[in-house]
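Enquirer: Hey, can you work out the whole structure from these sequences and the hints?
Residue numbers (the working numbering), protein chains in the order written: chain F, 1 to 345; chain E, 1 to 345; chain A, 1 to 350; chain U, 1 to 350.
One or more of the hints may lead you astray.
To be verified - What the simulated footprint calls covered on chain U by chain F, stretch by stretch (three residues with Cβ under 8 Å from a Cβ of chain F suffice, anywhere in the stretch; the number is not a length):
#	stretch
1	126-135
2	139-150
3	186-194
Since the hints were made in silico from the structure, they are not lab data. The C-beta atom is built at its ideal place from N, Cα and C for all residues, glycine as well.
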Amino acid sequence: METATQTPTTERLTIARAMATALAGEMRHDPNVLVMGEDIAALGGVFGNTQGLLEEFGPERVRDTPISETAFIGAAVGLASVGMRPVVELMFVDFFGVCMDAIYNLAAKNSYFSGGKMPVPMVLMTSVGGGYGDAGQHSQCLYGTFAHLPGMKVVVPSNAYDAKGLMVAAIRDQNPVVFMYHKALQGMGWLGTEKGSVVDVPNDSYTVDIGSAAVVRKGNDVTLIGFGNTLHTALKAADRLAQEGIDAEVIDLRSLVPLDRDAIANSVTRTGNVVVVDDDYLSYGVSGEVITVATERCFKSLQSAPARVAFPDVPIPFSPALERPWLPSPEHVVTAVRQQLGAGE
Amino acid sequence: METATQTPTTERLTIARAMATALAGEMRHDPNVLVMGEDIAALGGVFGNTQGLLEEFGPERVRDTPISETAFIGAAVGLASVGMRPVVELMFVDFFGVCMDAIYNLAAKNSYFSGGKMPVPMVLMTSVGGGYGDAGQHSQCLYGTFAHLPGMKVVVPSNAYDAKGLMVAAIRDQNPVVFMYHKALQGMGWLGTEKGSVVDVPNDSYTVDIGSAAVVRKGNDVTLIGFGNTLHTALKAADRLAQEGIDAEVIDLRSLVPLDRDAIANSVTRTGNVVVVDDDYLSYGVSGEVITVATERCFKSLQSAPARVAFPDVPIPFSPALERPWLPSPEHVVTAVRQQLGAGE
Amino acid sequence: MIRAPLQRLPLRSIDNYEGLITMQPDKTTQLWMLETMLVSRAYEDAIKAAYMEGKTPRFNMADGPIPGEMHLSSGQEPCAVGVCAHLSPADAVTATHRPHHIAIAKGVDLNAMTAEIFGKVSGLAGGRGGHMHLFDPTVNFCCSGIIAEGMGPALGAALGRQLRKEDGIAVAFIGEGAANQGAFHETLNLAAVWNVGVVFVIEDNAWGISVAKSASTAVPNNAERAAAYGIPGYHVAENDPDAIYATAREAIERARSGDGPSLIEIQTLRLEGHFLGDAEAYRPEAERESKDERDPIPRYITQLRGAGHLSDAEEAALRNSAAARVDAALAFARSAPLPLADDALTAVFA
Amino acid sequence: MIRAPLQRLPLRSIDNYEGLITMQPDKTTQLWMLETMLVSRAYEDAIKAAYMEGKTPRFNMADGPIPGEMHLSSGQEPCAVGVCAHLSPADAVTATHRPHHIAIAKGVDLNAMTAEIFGKVSGLAGGRGGHMHLFDPTVNFCCSGIIAEGMGPALGAALGRQLRKEDGIAVAFIGEGAANQGAFHETLNLAAVWNVGVVFVIEDNAWGISVAKSASTAVPNNAERAAAYGIPGYHVAENDPDAIYATAREAIERARSGDGPSLIEIQTLRLEGHFLGDAEAYRPEAERESKDERDPIPRYITQLRGAGHLSDAEEAALRNSAAARVDAALAFARSAPLPLADDALTAVFA
Ligand SMILES: Cc1ncc(C[n+]2csc(CCOP(=O)(O)OP(=O)(O)O)c2C)c(N)n1
Ligand SMILES: Cc1ncc(C[n+]2csc(CCOP(=O)(O)OP(=O)(O)O)c2C)c(N)n1
Ligand SMILES: [Mg+2]
Ligand SMILES: [Mg+2]
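Expert: Here's what the structure looks like:
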């Protein structure tokens, strides 16, 4: 029925709706899919991504949990071990500290510890990002924290099309997939919304390959690499640079694990310059890894020192006067590119 | 009395003894220092680093805890808030998942959240590393995991002299310091011991600056960067390279946060080549950050692509046949340098 | 094989029960509790108004003078005053993401607290923390945004006082939803094993965001869980300052006299949504409508009137002074300067 | 303000108690339990011998055919057999870092398990996991090295069976030290709230490495903690297969009939050190010396002899077959090839 003929073949969706649509579609097809987490049933998820599921699928398959992340994420691993395909929500990624063992030592390692005989098909949805004044325990990205630890795939959609395709792929994947959705892209009116994240989405179900980056803008002078919210920062910077006659290529990583190293290498080999944009903490994170991949793979082609724009190594401050100037912005990226090309000359 | 005249001025110590000596010394001087953790009292620590403390200071200041990491690390933050200087042990760093919130969201952020008015002077000691067949939940390093998150200093001693000096500095520091000691260097007979970690240690108390790397071998052709156990891997590689006429400089980072970026830049600017050696997981970790610092700071001086030798992105396997070939070895480093200098020509 | 015997609580003799009746607050204390509740309520109303500035017609959390989430404590004031009436600045208190009433009852500087909530340089942390991260070392108060995160620090602060032979105990406030978080269990066990003078107070407002207590908690009443740690558990069924005062008094005296921890659960009331902007569609009609008549402040005023402890004039005076203090605090916050961008980079390390 | 009422357990009438006496295992079951304990003990003795190869005179954990930590279960066999006697392969079991006795009682392939412990390619996981990470999906067994980590997965496995309308419940084994870990609390509460057919079994061997239960646990007996979740709690004071069998039977029947979780604590005995190489200096002299006379296997044999359920010949036969199975498993493991280095890079993802 999801593809009933009278319905249009595509619909403009927010990421929140795209996630809910993907979940509903998979739950219709596969009775083993269930959703668990805090406030995901009656409330439909604090960030709207489980809207309507309780009404359609009932409390057996759409379960509000106590505030017991260790227990329900651990339970998801057990559910997966007997043939279920649980999708669990960690409301804010900032809360990982109370349940990381169940994520990185259990869900992410059971496949290895069992020699592949006990895979853990589950999805962990978690919201990331700041910019709306929620301070240091509700505004982090922590991409690097999850991407560093083996055994889990990590995806970060920048728009509703990828969100639906990556969610369907994640649910069907035999492995734990951490699905990190950015609050600034979620399309909840009360959080503001990056317009570029709301796009046309096919009603039919489809998948986006986990592990493949996308070249979202072709260019020859410099490669700008973003993902999630920073993809949009990179795109806006590219527009500004175009006005200065700088032709930027923009890559959306989409997936941090597996990382599409070829996509990075192919682009940087051509442009010779690269700027990585990340709203997670600067040090020991995504920006360092991507730059290292670029130097490892394209050293001879590099015309300038790879640069990065990321959040400084301080807890996310509450006051907009303290937070906003440090969030990666198109201006930051433009400045970095100018310095880079200047330095490259 | 620790400096009573009849005692020799230095003593050959293992890191375990150096840590216990530093703790005892600080506990004698400062009644506010106390130690808490699992099996740190009567047993003296699974890895020997609290040997003798219970006997000298009693159960009030040397406290065995239940297996409740969240509670006792959280308690340490409260102790610090009223003037105590707690040193707590997380027996294996692999267990961080059950208590990371108390570490990264609480201990590491209270200074910031209080505008510096409520600093958290505490030390978190934790054992790291594998190589002895303890498998995927007892052999990890997780350096990148701790170094990525702001608000805590992170030190990793490679020898007993630094271990004592860094521990004294950590206890006296007004901030949370994560003291990561490597099991292969600990000097517990039952874990084998890297000989280079057992060195002469002054009986008097002294500090090693947190945040300063050390050039432990001067050289001109390539910079090898290690820390903890991999420092010794780098030194052995340097000896082999010397036989091939390659003059390697070796840097011991000693501290990951703050990272001594100048020490890295100064050396790489001179040598033009750099190999980072890390026994933590390869991606999104220390190796990527250090290489990125080198490219950011020394791009013009680089003669070859910075390279890294690290543990692949897989859970640490149990079987020695699976684990040992992948642990960073002098051979790996020598090969990397050969390729690099070959490629650099 | 034997079924587990029922856990014995350290039982109190009947005369102690009698004694408890006489543990009522005196008039001065009652008036302090009323005044503090009035300040707290006036404060939440003022914050609500300020928070909504710039957020209408379009509600965007990022807009207005106070961005981010805002969890108000209206209706829960009795918990704060009934407990804090027994505390001095030396006693440590840890609170939650819903901290204002407790901060006020504990004596946190209202101006600096308000400036912090407005993200100003004169705030407690210069705007770094905001409403979920209020730290005032002068009265040993702090709070946090992670469920049950304050329990360990309270235990540690109380233990530290004991070890340093200083006066002072600690109280950790949590919500009923936090009683299902692992930290709750670990902390209560550790406090009991080490016999630490810390009191754990559960504000049971029946909801954890949209999840009802009955849907998340295996026992009707968390005070029963004290038995799992061999410590006294108290359940206060009325959202009433005097009843809370009497209960807290016994638990806090036990802590001060070195007899270890206690657990108190109070049935209280969340008058607002979980945070401002919460439409509360999940909350039963009847419950939402009965809110106002269950408001503890008018009820307490009626009590005091009945007991002849409060005159018209006294009430008016208290209301006026409360309004004045709140107005002053908001004026202070509004007029305070914003921090500089570079301030964001300081105070990470002391 | 009222003191928390004592938690009511779903009480069992006297005749049920009577009933329980008749819940004793029949002779066949008793002999299966004895045989399984004999296999388990012979196994631990054989593993101990193999583990020490290459580790004398200098004990280095990295040396010999079996490197790493080795936690033996000798003395705790009654817990494994008394519970697993009620389980089929469809029932899921999660165990701890001390898993051998439970794996054997659950029917894990002894050859593949031993090859795993030797780090060989024919091991359950091709040598990736080792002794703390034994996974056998054919009998739904797994274990892990993190305290209390298996509790959530057991809950989930049991819930999954319910949702899929398949037969099977789950049992999570933990040590008494794990009862102070947050996961214990969260999982028991969630299992109770969702009424999941999972049984939690605590093997109380009185020690968490060097820390005595009395120094870490606020209640004398963790079965009392069941009341904090409104579920039945059982305490088995004897390290005796028949007593454990009778208790487990009731709890497992409750799980199978959809009546939810139970908690069982068994007072058992750790005959070895925490891990091999542990000198146990922390363990009181008297306790160390009394170990052998408290060994549950000779005691059980005496019982069975007394009841006329075991003859000399039968005992000899069981011992021989046990020895034979263990010898075969070790021979299989020793002769199996080592994995290739590149195998380390596979199976991270399915
Ligand atoms: C560990 C953790 N999980 C989830 C959350 C998200 N969260 C914030 S408040 C809340 C509800 C808390 O309920 P309760 O403890 O009863 O406090 P109340 O909001 O009712 O005052 C939740 C789930 C969190 N902050 N921390
Ligand atoms: C979360 C966590 N903390 C600490 C440890 C280290 N550790 C391994 S076994 C053990 C003692 C466990 O005691 P118990 O639960 O009684 O099991 P037993 O060893 O007695 O069988 C400890 C503390 C761990 N594995 N996981
Ligand atoms: Mg609540
Ligand atoms: Mg034990």
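Enquirer: Three residues minimum, CB to CB under 8 Å: does the stretch 126-135 of chain U make the cut for coverage by chain F? Let me know.
Expert: holds (count 5)
Enquirer: If you look at each residue in the stretch 186-194 of chain U, do at least three have a Cβ nearer than 8 Å to any Cβ of chain F?
Expert: Since three or more residues must qualify, the claim that chain F covers the stretch 186-194 of chain U holds, with 6 doing so at under 8 Å.
Enquirer: For the stretch 139-150 of chain U, do at least 3 residues have a Cβ located nearer than 8 Å to some Cβ of chain F?
Expert: With 5 residues in contact (Cβ-Cβ under 8 Å with chain F), the coverage given for the stretch 139-150 of chain U holds.
The earlier numbered hints are all upheld by this structure, with none contradicted.
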